[in-house]
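Undergrad: Residues per chain are reported as follows:
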Amino acid sequence: MKAIVCVKQVPDTQGKVAVKADGTMDRAAMATITNPDDLNAVEAALQLKDATGCEVIVVTMGPAPAEGMLRELMARGADRGVLVSAREFGGSDTFATSQILAAAVNKIGVGPDDIVFCGRQAIDGDTAQVGPQIAEKLHLPQVTYVTDIQKNGNDLVVKRQLEDGYMEIKVQTPCLLTCIKELNTPRYMSISGIFECYDKPLDVFDYNTLKDDPLIEADTIGLKGSPTNVYKSFAPPVKGAGMMVESVDQLVGLLNDKHLI
Amino acid sequence: MAEFNAMDTAAFKGVWVFCEQREGQIQTISYQLLSEGRKLANDLGVELCGVVMGSGVNEDYIKALGGYGADRVYYIDSPLLKDYTTDGYAKVMCDLVMEKKPEIVLIGATNLGRDLGPRCAARLHTGLTADCTHLDVDVEKYKEFLRTTSNIDVDNTKFEQNTNLKMTRPAFGGHLMATIICPRFRPQMSTVRPGVMQTQPFDEAGAAKVVVEKITPALTADDIHVQILDIKKSAKKMVDLIGADVVVSVGRGISSDVDKGIALAEELAGVLGGVVGASRAVTDAGWLSSDHQVGQTGKTVHPRIYIALGISGAIQHVAGMQDSETIIAVNKNESAPIFDVASYGIVGDLFKVVPELIKEIRAIKAAN
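Quick mapping for you: the protein sequence lines, in order, are chains A and B.
Residues 467 to 727 in the working numbering are what the first sequence lists, from first letter to last.
Residues 26 to 393 in the working numbering are what the second sequence lists, from first letter to last.
So here's chain A without its partners, still in its complex pose (with noise of 0.2 Å):
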């Protein structure tokens, strides 16, 4: 029994985000993080571990220092790391990352009573599709939203978030479970684990290891196999800092201009 789970280095940018001179992000100017949904994910295969001794694989698509977060994961009790990189896979829009990372996940092989955990959504994009995406192209069931997991046999019974509730939701293994941070708290790297982490196996896939799988195609992957490209990129104009209004009057007038309202 294996958890895979799909993880993201995000810039943080709850932190100072730089943006250079063309209105492009400057992410080698920022801290990276991981993904924070990403940490419940691998804390909840950490947690199945803890019950079933089961194997956890992180798998990350990623620039070479995206290696980094993965032992830092391994720290943390995951059994082993994926790096899926190559030049190939740059530029990728969540369809074509779903196609590298779905063959990604098929290279690692899905059992019958595997589970394969991603975070809800990134902060860096917060599109929420990269992991429904994957499990359309490995044919899984999938609960997005996760907020609780009881696991009985190959029997999941989950709990999947509403905005004003609950679903239940019985879901049997192979499946892909998307989870948010009111599923667990995600735990430390131990000391030992720090220790162990860099003697824990780490694979780098790269085009030539995944470019056999029928999922990866020239016309699937990168930025020339993703559906979806960018028009334009703008910065919202320049925020009036403390701009003071004499009345009500005026400002529900210039909302208004600006159709804010």
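One should not assume that every hint holds.
[As the list claims (entries may be wrong)] Taking lysine-lysine pairs in the DSS-like style, the calculated list, with each CA pair at most 27 Å apart, reads: (1) K677(A) x K515(A); (2) K125(B) x K107(B); (3) K324(B) x K647(A); (4) K64(B) x K698(A); (5) K390(B) x K88(B); (6) K126(B) x K690(A); (7) K258(B) x K617(A); (8) K166(B) x K698(A); (9) K258(B) x K324(B); (10) K698(A) x K183(B); (11) K38(B) x K698(A); (12) K168(B) x K724(A); (13) K168(B) x K698(A); (14) K125(B) x K239(B); (15) K636(A) x K617(A); (16) K636(A) x K257(B); (17) K357(B) x K724(A); (18) K107(B) x K88(B); (19) K724(A) x K384(B); (20) K390(B) x K724(A); (21) K617(A) x K573(A); (22) K166(B) x K38(B); (23) K573(A) x K724(A); (24) K724(A) x K183(B).
If you're looking for bench data, these hints aren't it; they were derived computationally from the structure.
Given the coordinates of chain A, work out where chain B should sit on it, guided by the hints.
TA: Frame of chain A; chain B shown alone:
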């Protein structure tokens, strides 16, 4: 699927809105999306269709979708569609899309829509843009939009002339905006958060002439790999600050009449389709529960509009809201630091300013 998506994009016609129902009730996001979809359909000169999935949904509710702009409604009725399941809804949606070939599909970015959209987009081999805040097909209208909302020099920028859906959304936590297109594949899919688009007034004539096509889907229990055991409502509704389009927060300034201050904030939030937030002072005092707290130790929000009522603007609070697109501050103290981050500030007593604000916004909304 390859054959489907390799077809000429011109073969796809019409704008669709997925009209979400829960427990037989059409969700208000559906009306917002139909109102927006109507504009796009008009610009394209095509039909606007609502898609409802459910079991025994009241026909009056379905016809009412015509009053919000739908020319046609596909109502897919099956006991298997009573409650949302990814498998059931995605199969029905994808089958219908492949049969009817719409060029645009809009889905509400609810917890269900954000589950359905990507599953369908992946199956249909097309693009999906999440949480759009603005949609255009017409280039001139898009340019007008950029003039008021961006730093782009519109007159000295080249724009391709086409009717691709231009889907604008915040990127990187709202620090940048990006307009996304999906030029090679159809349908062009987009999710929009509740409250972002405005509902147009109900039109009786539209409701009278809408064409409802009731469809029995080719769906069996074997197609659905999950089982809904229960659907429970929370005793207490948690406030969705993070996803909110508008946040109206209260601070220590409400202390002279806490109940009234909160009631005013709730009313203002209601008018703007937003939710109520709070500073730490308010949640520490127990005036509102901690899920309302905005700030470094609470939630970081970046709504389209943030209204700070009686909040001084301590750094820890500002850290949680400074990236809001437009910040409006009301405070009695003219030197309150909140005014340094506010787009618009009014010095005054919130108990006087807010009722006036509510009244005027209501008047504007009625006139629009």
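Undergrad: Now look at each hint and say whether the structure bears it out.
TA: Quick rundown of the hints versus the structure:
1. K677(A) x K515(A): violated (31 Å)
2. K125(B) x K107(B): holds (23 Å)
3. K324(B) x K647(A): OK: K324(B) and K647(A) at ~12 Å, within 27 Å.
4. K64(B) x K698(A): Holds - the C-alpha atoms of K698(A) and K64(B) are around 22 Å apart, at most 27 Å.
5. K390(B) x K88(B): holds (25 Å)
6. K126(B) x K690(A): The given pair, whose Cα atoms are some 24 Å apart, holds under the 27 Å limit.
7. K258(B) x K617(A): holds (23 Å)
8. K166(B) x K698(A): holds (15 Å)
9. K258(B) x K324(B): Roughly 23 Å between the alpha carbons, so the hint for K258(B) and K324(B) holds.
10. K698(A) x K183(B): Status holds; Cα separation ~11 Å.
11. K38(B) x K698(A): holds (25 Å)
12. K168(B) x K724(A): Measuring from Cα to Cα gives roughly 15 Å; hence the hint holds.
13. K168(B) x K698(A): holds (11 Å)
14. K125(B) x K239(B): holds (14 Å)
15. K636(A) x K617(A): holds (10 Å)
16. K636(A) x K257(B): Within the cut-off at roughly 15 Å; holds.
17. K357(B) x K724(A): Holds, at about 26 Å.
18. K107(B) x K88(B): Holds. K107(B) to K88(B) sits at ~19 Å (cutoff 27 Å).
19. K724(A) x K384(B): Given pair K724(A), K384(B) holds - Cα atoms ~19 Å apart, limit 27 Å.
20. K390(B) x K724(A): holds (14 Å)
21. K617(A) x K573(A): holds (25 Å)
22. K166(B) x K38(B): holds (21 Å)
23. K573(A) x K724(A): Violated, at about 51 Å.
24. K724(A) x K183(B): holds (24 Å)
Hint compliance for this structure: hints 1, 23 are not met, and every other hint is.
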